[in-house]
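Residue numbers (the numbering used here), protein chains in the order written: chain R, 935 to 1113; chain D, 21 to 256.
Derived by calculation from the structure, the hints in this document are not laboratory data.
A virtual CB, placed ideally from N, CA and C, is assigned to each residue, including glycine.
Watch out, some of these pointers could steer you wrong.
From chain R, some residues computed to sit far from chain D (all C-beta separations above 10 Å) [to be verified]: (1) A954; (2) E955; (3) S994; (4) S1009; (5) E1025; (6) A1090; (7) R1113.
DSS-like mimics (lysine-lysine), calculated; alpha carbons at most 25 Å apart, straight line [stated by the list, open to error]: (8) D:K28 x R:K1066; (9) R:K1091 x D:K28; (10) R:K1000 x D:K168; (11) R:K1066 x R:K1087; (12) R:K974 x D:K99; (13) D:K184 x R:K1109; (14) D:K28 x R:K988.
Chain R is faced by these chain D residues, among others (derived, beta-carbon under 10 Å) [what the hints assert, rightly or not]: (15) S67; (16) W87; (17) K99; (18) M164.
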Amino acid sequence: MHPNAEQLSRCSRGDTGAFAELYRGTSAHLFALALRILRKQEWAEEVLQEGFTKIWRHASDYDSIKGAPLTWMGSIIRNTALDRLRRAKRESLFDPEAPGQALRDEGPGPLEQAMQNSEAKALRGCLEELSKEQRESLSLAYWRGMTHIELSKALAKPLGTVKTWVRRGLDQLRKCLER
Amino acid sequence: MKFHDPEKYEILAGEYVLGTLSGPARRRFEYYLGVYPFLRRAVDEWSARFNSVVERLEPVEAPPRIWEQICEENPELRKRFQPEGLWSSLNLWRPLALLASALAVLLVVYLNYGPRVPETFRPAQVAMINDPKAQEPVWMLGLMPEQKMLKVTAMHTKDMGPDKSFELWMLPGKGQEPMSLGVLPMNGTVMMPMSDEKMKFLVGSSGLAVSLEPKGGSPTGAPTGPVMYQGALYSI
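In isolation and in its complexed conformation, chain R is listed as follows (with noise of 0.2 Å):
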């Protein structure tokens, strides 16, 4: 068993120590992925400070079948980072001086540049058969969590082009992948 798997199955039974272990071994990746998905320390902070408060409270809802414990770790961290982001959009709705410009200030994030492990080479690899509209399309929505409507503003194309995108892009990437 993966250690880390170990030590989410001792933390559903509460033992503590598995947790400080858990944290220790775990904690510089998933924060990681909080500041590449926020870009901002705080909120990244925060995000992190949360997640690992659901890993010990629903360590219970692991399971193999979910990935490897980091990947299943790395999706609480990833989801609670997008709800901190909606809630930064919401609040942005209000502050006449940010009218939602921080979300796309910068080029798609290079999802498929992150990839290189044995478990993502294969995603990497079937990336890099879709067009460069599509991967453009999940790469944003992936890192940026961006909604149709807002990759639409994005990349200046209508919604039912960027919704065709995200799901072409989807389809063939789950072809070659169970190829």
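Fit chain D to the supplied structure of chain R, relying on the hints for placement.
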């Protein structure tokens, strides 16, 4: 119905994980997620595919305060890692106590053979608060029973930012709460008045600890931040 066509539900599950599915469509999907196990499986698969990127990110060490805050929020963790965990970690500091006592001897030599001071201004007990990493003294303390004063001289203090203070605590002994002796100076020498009660405890005290606190000291009267340094009083 879309959910019976694998071509379609796989894409919906992918969109759900990516986050592009929003509004009523997302809520509808979430409803069916609770109904059809195959949807849950598709979501788990997409999540495993995408989130495997985390393994390839360059790790970034999180600031220690995050761990403190996580413990603070969860009663089981707080119980295990904070009140006792923090203060009973004294045992780990044994080797340092040796260094501290060596320094205390030097201090005694200095106090006795250094500049002449009237008898009543001589401290009866001294302590060195050392930085274990840099192996240098951070504060030098002298307890003067006649004046009921603790004389504190800042030596190699490290600035932790404008909104932080270092607070000195006495550990009265087993099972007793740490007692604040006050906020430590960042430079120069100050005299910190000690109440009769504190004086009484200080004489029998088992140790001293310095915690990092919000500016001006702990708002609660108990240590809230991490223990940064430790030391002990020695009679001379």
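Hint check:
Not every beta carbon of chain D lies more than 10 Å from that of A954 of chain R, the smallest distance being close to 7 Å; the non-interface claim is violated. Here E955 of chain R stays apart from chain D, with its beta-carbon at least about 12 Å from theirs, past the 10 Å limit. Distance check on S994 of chain R: its Cβ is at least 14 Å (rounded) from any Cβ of chain D, clearing the 10 Å threshold; non-interface status holds. Separation of S1009 of chain R from chain D is inadequate, the least Cβ-Cβ distance of about 5 Å not exceeding the 10 Å criterion.
At the 10 Å boundary, the C-beta of E1025 of chain R stays outside the reach of chain D, the nearest C-beta of that chain being 18 Å off. Every C-beta of chain D lies more than 10 Å from that of A1090 of chain R, the closest at about 17 Å, which supports listing it as non-interface. The Cβ of R1113 of chain R sits about 14 Å from the closest Cβ of chain D, beyond the 10 Å cut-off, so the non-interface label holds. Restraint check: the Cα-Cα separation between K28 of chain D and K1066 of chain R comes to about 23 Å, which is no more than 25 Å; the hinted pair holds.
Taking the CA atoms of K1091 of chain R and K28 of chain D, the gap is about 24 Å. The hint holds against a cut of 25 Å. As the CA atoms of K1000 of chain R and K168 of chain D are separated by approximately 64 Å, the hinted pair breaks the 25 Å bound. For the hint linking K1066 of chain R to K1087 of chain R, the alpha-carbon distance of about 17 Å falls within 25 Å, and the restraint holds. Proposed proximity of K974 of chain R and K99 of chain D is contradicted: the alpha carbons are some 31 Å apart, above 25 Å.
This hinted pair does not check out: K184 of chain D and K1109 of chain R have alpha carbons roughly 55 Å apart, beyond 25 Å. For a cut-off of 25 Å, the pair hint linking K28 of chain D to K988 of chain R is broken: about 31 Å separates their Cα positions. Here the hint on S67 of chain D is kept, as its CB sits about 5 Å from the closest CB of chain R, short of 10 Å. Given hint, W87 of chain D at the interface with chain R, holds; its Cβ is 6 Å from that chain's nearest Cβ, closer than 10 Å.
Contact between K99 of chain D and chain R, as hinted, is supported at the beta carbon level, the nearest pair being about 8 Å apart and thus within 10 Å. Given hint, M164 of chain D at the interface with chain R, is violated; its Cβ is 42 Å from that chain's nearest Cβ, farther than 10 Å.
Taken one by one, the earlier hints fail for this structure at numbers 1, 4, 10, 12, 13, 14, 18, listed in ascending order.
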